[in-house]
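> Note that the protein sequences, when read in sequence, are chains D and Z. The opening residue of the first sequence carries number 1 in my numbering; numbering runs sequentially from there. The opening residue of the second sequence carries number 1001 in my numbering; numbering runs sequentially from there.
No wet-lab data here; the hints were simulated from the structure. Note that the structure is predicted; figures quoted are calculated from it, not measured. Among the hints, erroneous ones may be present.
[Said to hold, decoys possible] Footprint (simulated), chain Z over chain D, 3 or more residues, beta carbon under 8 Å:
hint : segment
1    : 68 to 79
2    : 108 to 118
3    : 165 to 175
4    : 203 to 211
5    : 235 to 245
[Said to hold, decoys possible] Chain D residues, not near chain Z, derived (Cβ > 12 Å throughout):
hint : residue
6    : Y35
7    : N40
8    : L57
9    : S96
10   : A194
11   : I214
12   : V269
13   : T278
14   : L284
15   : T285
A virtual CB, placed ideally from N, CA and C, is assigned to each residue, including glycine.
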Amino acid sequence: MKNARKRNLSLLLYCLPALIVYLAFKLFPAISGMYYSLTNWNGLNKSYEFVGPSNFLELLTDDYFWDSMWFTFKYVIVSVIIANVAALTLAVAIESCRRAKGLFRTLFYMPNMISMVIGGYMWMFIFTKVLYYLADNWGWSFLDHSWIGDPNYSFIAIIIVAAWGAVGYLMIIYMAALQGVPANLKEAAAIDGANAWQNFWKIIFPLISHAITICVFWSLNSGFQVFDVIYTLTGGGPGRATQSVAINIYQEAFRGNIRYGYATAKSTVLFFIVLIVTAIQLKLTGRKEQEL
Amino acid sequence: MKKIIAILMTVCLLFSLAACGNGGTQETNSSVPDGTKNVSDSGAATDEPREAELNIMMSFPQFMDQWETYAKQFEAKMLAEENIKVKVNLEMPSSDQYESVLQARLSGGDAPDLYTLHCNNIGTYNDAGYLYDLSGEPLADVIYENVKATVSVDGKLLAVPIESQAWGVLYNKAIFAECGLKAPDTLSDLTAICETLKEKGYTPFLLAFQEQWVPQLMTGLTLGGIVSGKLPDWLERMYKNEGSYDEVREIFDVIDLIMANGTDRAMEEGSEAGAADFAMGKAAMFVQGTWASNTIMTTNPDMQLGVFALPINEDPGCTRVNLSTSTTLAVHPDSKELDLALKFANYVLDENDSSALFQSCSFNPLATCHNYEAYSWVSDASAYVASGRAYQDLVLPSSVTDEQGRLLQEYYVGTVTVDEIVERLDAAFQAANAQN
């Protein structure tokens, strides 16, 4: 008994450094943000007043905020599907390669090692210079669109860059899961006459469903908070056409009227929406995992 | 034994982390006795200079070299005259992010000793207590009176003006001369200019709308001209919720003209790329301030750059250049090196060295210590000022300014109409009024 308590204490001590960092840099700012959402602080003055829920009431009629929320949902749905399908396809393709597996893995993972801000500026160059060069000089006129200026095309541009950045990371998780599928099961299915397609859907897919849960969770979560890609590519423009919630919050807090309290109210709402959506997703995919 | 060592090491790690957490306060505590010790040291042995650091944050990434040189000069001057070994840390965040970085630093208690801010924000920052009153400093005596008025509140000089400029539309004098054109006074003059340029195979306007502040310059210039020319009380009424953008709707006549006669792919063109393209002769005119002259002249040193006032209607009285102070340098009142910070502020308008700095950044002269010959585009704009055809920059709430930029982008890509713009700008103005 005494020993067990001693061991627990030492385990706790091991965790403490990480716990302190987590508390100081994650939990404390998050909770104080929720507190500021009940004030009218402008982010600059030394004093502010407690205003109760009025920020949240104002939020209900803020069209720009709900427009950005709608855009974010659209972005999340499209980017989660595209990034995960592409990552799983790549993972299966690379796993089935006999040679140069490591090379492909490294190549596709590489975008993940660059900051998305730099990636965004790189792609900005591609969309505003390279594509036009190809369109003008090589006659590839199907590339001649206003990639940043036309809201429809800029949505595509944003999705391309976001997927490019996320695919490598998701692919690694899927590859690890694929390697965990026992070879004897696949072999047995093959002997029973299953073709590659059946083998994938009936044997492999159910066995990697835990990886799907993780990847969808990760991409949902980061999709709702998307900022860097949009900020570097379109800045939310033209006008507010590609403004995600995170950009809307940033502009409320640091640009224009500088309403820090109101901006934190927006982020509190975003937090609860992400919480609810991911909880539902975990519940659904968790149930699916058991069924399979 | 192993366990004991492990626990001991964890405890050590813990303490080192805890020390990190308190780093901020400990540092400030320890630096004070340090400073005093150094002062007494230098008193005892005069050849041992006191060491000091000065943190300066500026929104001038394009003038990084010039300011770094100036900071080095300041360091040398302090060492020679005051026996202080100053290390100036210059920080230059990009102008897009400058305000948010500055705000985070100020409210986070990590304020720079000196920082640049836009003239329009002086009131807000003064209310928040972030500006030192510079009225008693030597620099107050050298600034021109009309410029001093733009950086003073209640008779207190609160910042050192740095960029004070008269600006309008930039144009390529060589192209204009070739086509036999001269600067326009009315909207029909400008329309005729566009026609002639197109006949001769030139694109009239360079459009670079990727960053929202660039299209916003069109509303800046047109509103300024129309308000000072015929609606002097418009802005005042807007602040009382009694005015509307409907009254100034005619600004869209010239905005339409510019957009219809501009270069393609404007949304894909950033401000720097736009300035470079303009310098290479891609278009004859560019609605951009004289601050872009640095990029333009670097790209094409032979460029013949001129400035004219943007016509809005048929009344030459509304055709005016903008005369404003934009960037100013403020001293933080709680600076640990307040004395040095003030010395630097004074050094910016130094009798001997200031002219070279201002000239190299192509800033306009704004104090008696500035005795250099102005550039062609500066004297163009000054001619308008001298004949009374200039207006003082309109101070709009910055959320309205941002909204104007956004709406002009949307107007360009065709997702809003003028009616919607009027409605949304009125709403943005009223929302800003409700805030203050």
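> Report the numbers of all earlier hints that the structure fails to satisfy, in ascending order.
Going through the list in order, the structure violates hints 1, 2, 3, 4, 7 and respects the others.
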